[in-house]
Amino acid sequence: MKRSEARRVDVAYNVEEEEEEVAAEDAMREQEAWERSYANDRSWEAVQEDESGRLRAVDVAGQQRGERERRRRQQAGQAGRVGRSGCGAASSATSCSPSTSRGQAASELDMKPSRMAAMARSAEAFILDFFDSNPLSHLALLLLRDGVALQVSDLTSPPDSHIKALQSNLTASGPASLQNALDAAVDAVAHVPAYGHKELVLLFAALSSTDPADILPAIARAKAGHLRCSIIGVGGAEVHICRQIAEQTGGRYSVALDEGHLRELLLSHAPPPPVRPDSAASLASLVRMGFPQRAPEGAPVLCACHMQLKLGATYVCPRCRSRVCALPAECPVCALTLVSSPHLARSYHHLFPVPPFSEVPLPPAPKRPTAAPAPAPMHSDLPPTCFSCTTALPTLEAEGGGVRVECPVCRRHFCFDCDVFIHESLHNCPGCEASMLPPLA
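As numbered in my numbering, residues 1 to 441 make up the sequence shown, in order.
Just so you know, the hints here were simulated from the structure itself, not pulled from any lab data. Watch out, some of these pointers could steer you wrong.
Said to hold, decoys possible - Quick list of the computed label-pair ranges, beta carbon to beta carbon:
#1 D132 x L302: 25 to 35 Å
#2 Q248 x T385: 46 to 56 Å
#3 D132 x L437: 18 to 28 Å
#4 M436 x C389: 34 to 44 Å
#5 E433 x V333: 32 to 42 Å
#6 T385 x P159: 32 to 42 Å
#7 V360 x F421: 15 to 25 Å
#8 L426 x D146: 37 to 47 Å
#9 T171 x A237: 17 to 27 Å
#10 C389 x E264: 21 to 31 Å
#11 L437 x P356: 38 to 48 Å
#12 Q308 x P159: 10 to 20 Å
For every residue, glycine included, the Cβ atom is placed at its ideal position computed from N, Cα and C.
When you get a sec, could you build the whole thing from the sequences and use the hints?
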C-alpha cells in the first residue's frame with residue numbers, strides 16, 4: 001500500500017515538473033528576440049575590479065582571441081593577391097543594389113524596437129562601409145513595398161543621398177515580391193560595363209514572396225546578366241526560394257538571429273568579392289579616368305549632376321569643364337569617371353592586404369609565495385609597449401591585459417585595438433611603413 005502511494009506521488013511530481021518545463025518553454029517562445037537575448041544574461045559576473053578601481057572583463061585575452069578568430073574566418077577568402085572587381089586602374093565601377101523588404105513582416109517587433117528600424121540601422125552602416133571599402137563603386141537603393149520594387153536612389157549618388165532616401169522611405173505596407181526585386185536590380189545595373197561587378201544584397205523580412213508570374217525566368221535572367229544575388233533573411237526562418245536564388249547566381253544566403261548578427265552579416269558584403277577566373281570582370285581593362293581640380297568658392301555655379309545652383313566647392317571636369325559637387329562621380333556631360341588620388345589609392349588595398357598578425361605566446365606568471373610577494377621580473381626580449389599607440393602590453397600570461405600580436409614582416413608588436421584598426425581601417429602596417437623611412441641625421 002505504501003509503495004503504491006509513493007509511486008503515485010512520484011508520478012504526480014514528474015507530471016508537475018513536465019508542466020512547469022512546458023510552461024517555461026512557452027513563455028520563452030512568447031518573448032521577443034531582443035528579450036530572449038537578455039533572458040539568461042548575467043553580464044555582471046563577467047567583470048571584475050582592477051587595481052585602480054575600474055571595471056574590466058574577467059577574461060580579456062579570451063574575448064580578444066575569439067574576436068580574432070571571427071575576423072580570421074571572415075578574411076580567409078580575402079588573403080593573398082586575389083582579383084577583385086572595383087580595385088585598381090584595371091577595373092571600374094561596380095554596382096550593388098541592397099533592397100529591403102518593406103512588407104507586413106518588417107513591422108514585427110521581435111527586434112528592438114522593430115525589424116524595420118533594425119534593418120534601417122544596419123543598412124546605414126552598410127552604406128558607409130561600402131563606400132569606404134569601394135570608393136570607385138556605385139550603389140542604388142531598392143525598396144520592396146506593395147508587391148513592387150521601388151528605386152529610391154540613383155546608382156551614382158553619394159552616401160549622404162542614399163541615407164537620406166532610406167530615412168525618408170521607412171514605411172511598411174503590402175507584400176514583397178522577389179521577382180520584381182530581381183527584375184528591377186537587373187535593369188538598374190544593365191549599363192554597367194563587362195569589367196564591372198554586379199551584385200544584389202537583399203534584406204528580406206518576409207517568409208514568402210508574392211510574385212506576379214513565375215520567378216524562375218527572373219532568376220535565369222539575373223544569372224545571364226552576371227548579377228550576383230546575396231540574401232539575408234530577417235524573418236527568423238530559412239526560405240527555400242531565397243536559397244535557390246543565391247545558389248544559382250553565385251551569392252550567399254544566411255538568416256540573421258538578432259540585430260547584431262544582422263549587422264555582421266550585412267557588413268561582410270561590403271568588401272568586393274573575388275572575381276571568377278572565367279568571368280569578363282577578370283580580364284584587365286584600361287579605364288579612362290579624370291582627376292578634376294577643385295574650383296574656388298565664390299559666385300554660385302550650376303552643378304551638372306543635380307542641375308542646381310551650388311554655393312559650395314565644386315570640381316571641374318578636365319575634359320568638358322562642367323562642374324560636379326562630389327567625388328567620385330561620373331561626369332553627366334561627357335561620361336568621364338572623375339576620381340581623386342586618395343580614392344584611387346584606397347580602391348586597391350584589397351589586392352594587397354596586410355598579412356594577419358600572429359599572437360605572441362607569453363611566458364606563464366611565476367607563482368609568488370604568500371609571505372613575500374615580489375614583483376614579476378620583466379622580460380627584456382619583449383617590447384613593453386605597442387609600437388603604434390604606445391599602450392602597455394602584457395608580458396606575462398596571467399596579467400589579464402589582453403593579447404600581444406606581431407607583424408610577420410617587420411616583427412613589431414601591437415595591441416589588439418591597433419590590430420583591428422590596421423586590418424579594417426588603415427590597411428597599412430605602421431611598422432613596415434616606418435622601416436622604409438630614411439634614418440634621421
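Against the structure, the hints come out as follows:
1. The hinted range of 25 to 35 Å is satisfied by D132 and L302, whose Cβ atoms lie roughly 30 Å apart.
2. Distance hint check for Q248 and T385: the Cβ-Cβ separation is about 53 Å, which falls inside the suggested range of 46 to 56 Å.
3. At roughly 27 Å, the beta-carbon separation of D132 and L437 lies within the given 18 to 28 Å, and the hint holds.
4. Distance hint check for M436 and C389: the Cβ-Cβ separation is about 20 Å, which falls outside the suggested range of 34 to 44 Å.
5. Evaluation of the 32 to 42 Å hint for E433 and V333 yields a pass: the beta carbon distance comes to about 40 Å.
6. Between T385 and P159 the C-beta distance comes to about 37 Å, which sits within the given range of 32 to 42 Å.
7. Between V360 and F421 the CB atoms are about 18 Å apart, so this pair conforms to the stated range of 15 to 25 Å.
8. Range check, L426 to D146: about 44 Å between beta-carbon atoms, so the 37 to 47 Å window is met.
9. One distance hint, 17 to 27 Å for the beta-carbon pair T171 and A237, holds here, with the actual separation near 24 Å.
10. Against the hinted window of 21 to 31 Å, the Cβ-Cβ separation of C389 and E264 comes to about 26 Å, which satisfies the hint.
11. Distance hint for L437 and P356: a CB-CB separation of about 24 Å, inconsistent with the stated range 38 to 48 Å.
12. Distance hint for Q308 and P159: a CB-CB separation of about 19 Å, consistent with the stated range 10 to 20 Å.
Hints 4 and 11 from the list above are not met by this structure, while the remaining hints are.
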